[in-house]
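Engineer: One line per chain: the protein sequences are A and B, in this order. Mapping the first sequence onto the numbering used here, position 124 (from 1) lands on 172, and the numbers just tick up by one. Mapping the second sequence onto the numbering used here, position 140 (from 1) lands on 188, and the numbers just tick up by one.
Derived by calculation from the structure, the hints in this document are not laboratory data. Treat the hints with caution; some may be incorrect.
[As the list claims (entries may be wrong)] If you want a taste of the chain A side facing chain B, the calculated C-beta under 7 Å gives, among others:
(1) 110
(2) 111
(3) 117
(4) 119
(5) 121
(6) 155
(7) 157
(8) 195
(9) 196
[Claimed, not checked] Some chain B residues close to chain A (C-beta under 7 Å, calculated; not the full set):
(10) 80
(11) 110
(12) 115
(13) 117
(14) 126
(15) 160
(16) 239
Just so you know, even glycine gets a beta-carbon here, dropped at the ideal spot from N, CA and C.
Protein chains: 2
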Amino acid sequence: MKELEERIRRDGTVKTGDVLKVDAFLNHQCDVRLFDHMGQEWARHFAGKTITKILTIEASGIGIACCAARHFGDVPVVFAKKAQSINLDGDQYTTTVYSFTKRKEFPVIVSKKYLDADDHVLLIDDFLANGKALHGLIELCHAAGASVEGIGIAVEKGFQGGGDKLRAQGYDVDSLSIVESMNPETGEITFRD
Amino acid sequence: MKELEERIRRDGTVKTGDVLKVDAFLNHQCDVRLFDHMGQEWARHFAGKTITKILTIEASGIGIACCAARHFGDVPVVFAKKAQSINLDGDQYTTTVYSFTKRKEFPVIVSKKYLDADDHVLLIDDFLANGKALHGLIELCHAAGASVEGIGIAVEKGFQGGGDKLRAQGYDVDSLSIVESMNPETGEITFRD
């Protein structure tokens, strides 16, 4: 998506350690007009599919998912919560996700009331790097018996391989920008064609 | 706002300890059509004011704020982040907020890049009870020299007093529903007229 790539080039910052900061428009300050256009793109890509629900993970995915939902007939958006601890009272689907940024595992939960076997789910998130967070969301869908119809991502770090692994497993991953390489010294970013 | 009150009556659950669960449509599963209508209501209420930015706090405020932003000319939405620890490198405004739900204080930050003295800010959040989170957001605005033009709330727990304290301080608080009392035994909820 040209608009997003240009925005990343203009307002993104490449840091050492494979970090791409896009907090000017994506995950601290949010450009809702851009989010709307992203939703339009995903709606075009997933047009042939039945989507009954959008599932994302707090916090950065929520705004993007809520803006995108308009383009899928205002389907409900459910955000998986990062929990302090896993509550074993049985009314939640739970998994754990390892965060490389925070260097620790954290529990992720979705209430059983809001995800079930009738759901056709579109997963949405801001970033896809190694794919750990998405694998967690997929696990929650499997636990609920829900089908994963597709995955919409704003920024995929192609060089970290998570997206291609998901594609090899048969998932329809629509990343609106795929960074193939980036250079913290020059700030240069190369996108996949 | 009739639609929201009816929805709270229908899908909300009153729990002991002054807890009102609205995770079916507000803060776990999100009804984006309702969020859109809420944005319309706030836009009507704050119509005479210049709003250049919406400020909220992760995680539950983000979806509501992003849907509301359309009705304010697609102004940027900034969400304050709950940090693990306060980073004193000087590029962030920081404060601490005490959470009664989690029974602890946590640091809240906004990057100095995304809030400044030129900003006319609308604060948006899902709940207003004692007002601790909002006071944190107001403090961040004051630190930035930004003016707080108004406060848009989905559910105010009127009996906890935070909203009326803010009104007494001169803030224009537009709560779309104000719960005056609720009964965990009967499930009955009374709204302020």
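Engineer: If you check each hint against the structure, which ones fail?
Structural biologist: Hints 4, 5, 6, 7, 8, 9, 15, 16 are the ones this structure does not satisfy, whereas the remaining hints hold.
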